[in-house]
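Residue numbers (our numbering), protein chains in the order written: chain A, 4 to 462; chain B, 5 to 452.
Among these hints, one or two may not hold up.
To be verified - Below, a list of computed lysine-lysine pairs in the BS3-like style, where the Cα atoms sit at most 25 Å apart:
1) B:431 to A:32
2) A:234 to A:334
3) A:32 to B:39
4) B:304 to B:226
5) A:234 to A:217
6) B:243 to A:140
7) B:278 to B:431
I should point out that these hints are in silico values taken from the structure, not numbers from a laboratory.
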Amino acid sequence: MRWRVTDRMVRLLTATPSRALMDEQIVLKGHYLPCNSPVTFRARMRCENGNLWESMSHYHTDENGDVDLTRDSSMGGSYIGCEPMGLFWSLQPARGQEEGLRLRKKNVDTPYTVHVTMLEGHILLRDSSEDEEMIGKQELATVTVQRWYKAPGVQRIEICQNQVVGTLFLPPGPGPFPGVLDLWGIGGGLVEYRAALFASRGLASLALAYFNHKDIPGPRNHFTVGDSYFKAAWRVLQDHPQVCGNRMAIIGLSFGVFIALRMAMYPSVSPKCVVCINGPLGVYNSLANEDRLTCDTGKKLWGVNQQGYLSFWEASLPSNFPPANIVQIEKLECPLLYIVGEDDLSCASMVNADEIEKRLLAVGKSHLFTRVSYPGAGHLIEPPYTPCARTSLWAKRPTKLFTQWGGKLAEHAAAQEDSWQRILGFLECNLRGEQRTQSFSTKEPNQHIVPKHLDTLFN
Amino acid sequence: MDWWLFVKVCPQKMAGERPCPLLSVHPSRCLVDEKFEVLCQHLLPALQVTLHALLHSDEGDYWEAFGHYLSDAAGSVRVSEDASLGGSYSGVEPMGLLWSMRPIPGSKPGLRLRKKDVFKPTDVYISLYEGHLNEGFKDKRPLASVVAQRWYTAPGVQRVEVREKGLKGTLFIPPGPGPFPALLDLWGGGGGLVEFRSALLASRGYVSLSLQYIGLMGADGKPHNVGSDYFEAAFSLLKQHPQVCPDRVAMMGLSFGVSVTLGMAAYSSVIKPKCVVCVSGSHVMPVNGSLADVFDEIKKNVKNTRYDEEQRIIWRDLLLPIPDDPSKKVEMGRIKCPVLLIVGEDDQNWPASESAEDMKQMMEQAGNSHLLTILSYPETGHLIEPPYSPHFRASNFMLSETRNKVVVLWGGHTVPHSRAQEDSWHKTLAFLEQHLYSSATVAPGSNH
Numbered sequence: 004m005r006w007r008v009t010d011r012m013v014r015l016l017t018a019t020p021s022r023a024l025m026d027e028q029i030v031l032k033g034h035y036l037p038c039n040s041p042v043t044f045r046a047r048m049r050c051e052n053g054n055l056w057e058s059m060s061h062y063h064t065d066e067n068g069d070v071d072l073t074r075d076s077s078m079g080g081s082y083i084g085c086e087p088m089g090l091f092w093s094l095q096p097a098r099g100q101e102e103g104l105r106l107r108k109k110n111v112d113t114p115y116t117v118h119v120t121m122l123e124g125h126i127l128l129r130d131s132s133e134d135e136e137m138i139g140k141q142e143l144a145t146v147t148v149q150r151w152y153k154a155p156g157v158q159r160i161e162i163c164q165n166q167v168v169g170t171l172f173l174p175p176g177p178g179p180f181p182g183v184l185d186l187w188g189i190g191g192g193l194v195e196y197r198a199a200l201f202a203s204r205g206l207a208s209l210a211l212a213y214f215n216h217k218d219i220p221g222p223r224n225h226f227t228v229g230d231s232y233f234k235a236a237w238r239v240l241q242d243h244p245q246v247c248g249n250r251m252a253i254i255g256l257s258f259g260v261f262i263a264l265r266m267a268m269y270p271s272v273s274p275k276c277v278v279c280i281n282g283p284l285g286v287y288n289s290l291a292n293e294d295r296l297t298c299d300t301g302k303k304l305w306g307v308n309q310q311g312y313l314s315f316w317e318a319s320l321p322s323n324f325p326p327a328n329i330v331q332i333e334k335l336e337c338p339l340l341y342i343v344g345e346d347d348l349s350c351a352s353m354v355n356a357d358e359i360e361k362r363l364l365a366v367g368k369s370h371l372f373t374r375v376s377y378p379g380a381g382h383l384i385e386p387p388y389t390p391c392a393r394t395s396l397w398a399k400r401p402t403k404l405f406t407q408w409g410g411k412l413a414e415h416a417a418a419q420e421d422s423w424q425r426i427l428g429f430l431e432c433n434l435r436g437e438q439r440t441q442s443f444s445t446k447e448p449n450q451h452i453v454p455k456h457l458d459t460l461f462n
Numbered sequence: 005m006d007w008w009l010f011v012k013v014c015p016q017k018m019a020g021e022r023p024c025p026l027l028s029v030h031p032s033r034c035l036v037d038e039k040f041e042v043l044c045q046h047l048l049p050a051l052q053v054t055l056h057a058l059l060h061s062d063e064g065d066y067w068e069a070f071g072h073y074l075s076d077a078a079g080s081v082r083v084s085e086d087a088s089l090g091g092s093y094s095g096v097e098p099m100g101l102l103w104s105m106r107p108i109p110g111s112k113p114g115l116r117l118r119k120k121d122v123f124k125p126t127d128v129y130i131s132l133y134e135g136h137l138n139e140g141f142k143d144k145r146p147l148a149s150v151v152a153q154r155w156y157t158a159p160g161v162q163r164v165e166v167r168e169k170g171l172k173g174t175l176f177i178p179p180g181p182g183p184f185p186a187l188l189d190l191w192g193g194g195g196g197l198v199e200f201r202s203a204l205l206a207s208r209g210y211v212s213l214s215l216q217y218i219g220l221m222g223a224d225g226k227p228h229n230v231g232s233d234y235f236e237a238a239f240s241l242l243k244q245h246p247q248v249c250p251d252r253v254a255m256m257g258l259s260f261g262v263s264v265t266l267g268m269a270a271y272s273s274v275i276k277p278k279c280v281v282c283v284s285g286s287h288v289m290p291v292n293g294s295l296a297d298v299f300d301e302i303k304k305n306v307k308n309t310r311y312d313e314e315q316r317i318i319w320r321d322l323l324l325p326i327p328d329d330p331s332k333k334v335e336m337g338r339i340k341c342p343v344l345l346i347v348g349e350d351d352q353n354w355p356a357s358e359s360a361e362d363m364k365q366m367m368e369q370a371g372n373s374h375l376l377t378i379l380s381y382p383e384t385g386h387l388i389e390p391p392y393s394p395h396f397r398a399s400n401f402m403l404s405e406t407r408n409k410v411v412v413l414w415g416g417h418t419v420p421h422s423r424a425q426e427d428s429w430h431k432t433l434a435f436l437e438q439h440l441y442s443s444a445t446v447a448p449g450s451n452h
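Please build the complete structure, drawing on both the sequences and the hints.
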């Protein structure tokens with residue numbers, strides 16, 4: 004349906020703020036549109052690899068000709084319902100892009116630049132890429148927003164000392180700051196963006212490489228570091244003049260959970276709290292010695308499952324861990340927040356959470372344990388307002404291999420938003436508040452969290 | 005982002021445990037006319053603290069502001085809700101850390117804060133100190149610091165230099181396909197090319213042309229005074245721009261720019277603005293004259309120049325008394341578009357209040373006063389600029405012809421002037437939106 008015009012129209016689209024941190028909401032509004040008329044919002048951006056990502060949603064203007072994404076509901080497109088940040092977390096690779104993409108920022112010194120456009124009528128993504136010229140005529144207005152992982156004044160410092168490889172992010176100001184050791188999974192390399200965001204929230208954060216990184220000696224795809232490496236990493240953070248050595252935490256995602264829990268048990272490391280996201284409390288392979296975490300016994304941490312995906316599932320089942328390879332969680336002396344994605348297809352997170360809880364209960368330490376569990380969320384529960392990758396490309400050679408992460412788009416987005424707030428609150432309370440050992444939450448542990456807007460789906 | 009709601013109010017720290025305060029500003033990046041929230045947490049309760057803001061200007065000067073606070077029972081200070089007990093501002097002032105800024109002790113006198121490079125942001129360093137301090141900030145270690153980054157341009161705004169048809173100006177274009185409404189933006193007798201207001205207007209959805217019209221050199225290398233055709237060419241350039249809606253072009257002037265704006269709106273057959281905004285100016289000028297004639301007329305009254313107790317120049321009397329002779333002022337009855345007049349009642353540079361009153365009477369007599377809106381602000385000076393920029397009662401000024409440096413009194417007192425800047429900017433944006441964006445009448449077409 005085209006609009007009939009009596010004079011040349013001018014439409015106003017606003018985004019506030021136009022430069023935001025990744026975990027901040029951006030308020031999108033359209034004005035001076037025809038009233039009670041269909042309008043489409045589209046977001047487009049190019050990631051660092053040059054791939055095009057896009058999303059679209061369908062709205063109706065109100066009787067004043069306004070549309071407000073913090074108030075109005077999308078009735079179709081990439082998401083439905085009232086979702087102020089829906090355009091950002093529902094971004095998907097455009098047609099014709101490579102397979103198996105996952106959105107990850109490598110360079111945190113630059114923002115994501117997203118172009119948000121208002122178009123006449125209700126347009127589908129399918130139409131959009133087929134007839135760019137025609138769609139172009141329906142464009143009403145565009146704004147450009149920048150989304151940053153790093154706040155102004157945050158310093159990024161590459162660490163390569165005492166053989167420890169990582170990146171330290173320091174908040175602006177003299178400090179000293181509480182510190183967070185930030186661990187990712189078996190994909191290896193060095194993932195900086197969550198640490199950059201922590202520093203933007205006032206926490207010094209060291210993103211640590213420990214596997215499959217060019218600056219870590221030894222063959223790739225083999226563990227060549229062990230306990231002494233992680234202890235050294237802890238000291239790097241603790242000894243930094245701008246870090247409060249007695250206010251430190253560890254956060255781990257995926258295999259990083261095993262490292263985080265293992266580290267928390269070292270006598271020389273006393274974190275004030277630990278955050279675990281979807282990871283195991285033990286490991287498959289037998290452990291070698293202080294200097295190498297595992298040795299290659301022929302049993303790999305991954306295999307190919309029946310659907311042809313690379314899978315870590317078997318290796319993440321507690322029943323498969325040799326007893327000596329299970330972290331002695333009974334020795335835990337600080338609060339532990341465990342975040343579970345119930346649709347995690349990569350790691351048996353729920354089973355691991357159950358096992359941790361059982362062991363803590365057995366020694367009277369269940370008050371240290373808080374579990375938050377999200378239906379429909381997958382493995383990669385990351386900072387909010389970024390899209391969920393249900394599967395992604397793991398390796399190109401010798402053949403293309405994909406892996407499954409799980410997660411349903413809307414539920415996963417809600418989990419990321421809710422869990423990030425909980426993680427920040429948990430860290431703030433344990434690192435800046437009174438030094439206490441109670442669980443930070445007044446709720447009962449093992450809370451099964453259903454994000455608010457999905458209530459109706461479950462009732 | 006209110007993650008702090010998940011932090012339970014943590015009980016009193018153990019004795020001897022050093023607190024680890026958190027200072028945050030939200031948003032950390034925004035446009036200069038947007039507000040921010042400054043929050044301190046995890047302090048001891050009832051602690052005396054000072055919040056200090058510091059910026060380094062494009063000219064290399066340092067400006068600062070500070071407020072004294074007392075943390076509450078939870079150990080927090082929230083600037084938007086708590087009262088400053090003293091400093092460069094007092095009371096509940098969410099943006100006091102910006103608008104009450106002044107040059108740091110030891111700075112050169114007569115400084116003025118103006119952004120030159122509109123694509124480079126200004127980083128404001130906000131620091132939290134223990135105690136109620138009034139000086140010596142750079143020698144003390146703060147408890148915490150954050151950076152609030154402020155921009156004159158939104159992402160995607162383009163800047164285009166205009167050097168055609170004899171014009172000298174800078175065009176700012178919002179992102180997107182357009183079409184957009186547009187503005188011709190004129191500053192005052194100081195001359196030069198002032199871009200920051202146009203950059204901000206483009207960030208708000210207007211194609212805006214900042215035009216230099218004083219201090220231009222002719223082809224012969226001598227100073228050249230422009231005539232009406234210069235402004236008409238600028239207005240036409242805007243109308244003809246492919247991304248501009250030709251029937252939605254307005255004019256905005258400050259100080260001398262008001263004389264030009266009103267003159268063109270009343271007498272030009274080419275310039276038909278959709279609306280005009282006139283800040284701190286006057287309609288008193290010889291009509292049917294060139295810009296040079298207007299300057300000469302003003303110079304005839306130079307004997308009316310006064311000086312204050314600090315020998316700062318007061319020029320407001322050069323146009324007083326407001327003449328009765330119609331050939332000496334713009335015939336306001338000829339104006340056919342809405343007019344927004346913004347006036348500071350303590351303007352020491354132009355007789356803006358008296359002129360506004362006279363304009364109102366002229367329009368009432370002519371029967372077009374329904375087009376007029378006057379915003380008159382007590383204790384407000386001449387330079388009414390976009391909000392949260394610091395106020396200065398006087399500053400250094402270079403006379404464009406002789407290049408002599410003098411100190412000019414602009415007037416105004418900090419608190420009321422800052423309120424006037426904030427209020428008038430929002431009303432200006434609302435006025436522009438009302439007349440340039442919203443008056444379309446469109447019905448959705450039906451083909452079913």
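Hint by hint, here is what the structure shows:
{"no.": "1", "hint": "B:431 to A:32", "in the structure": "holds (20 Å)"}
{"no.": "2", "hint": "A:234 to A:334", "in the structure": "holds (17 Å)"}
{"no.": "3", "hint": "A:32 to B:39", "in the structure": "holds (18 Å)"}
{"no.": "4", "hint": "B:304 to B:226", "in the structure": "holds (23 Å)"}
{"no.": "5", "hint": "A:234 to A:217", "in the structure": "holds (21 Å)"}
{"no.": "6", "hint": "B:243 to A:140", "in the structure": "holds (21 Å)"}
{"no.": "7", "hint": "B:278 to B:431", "in the structure": "holds (17 Å)"}
Checked against the numbered hints above, the structure violates none of them.
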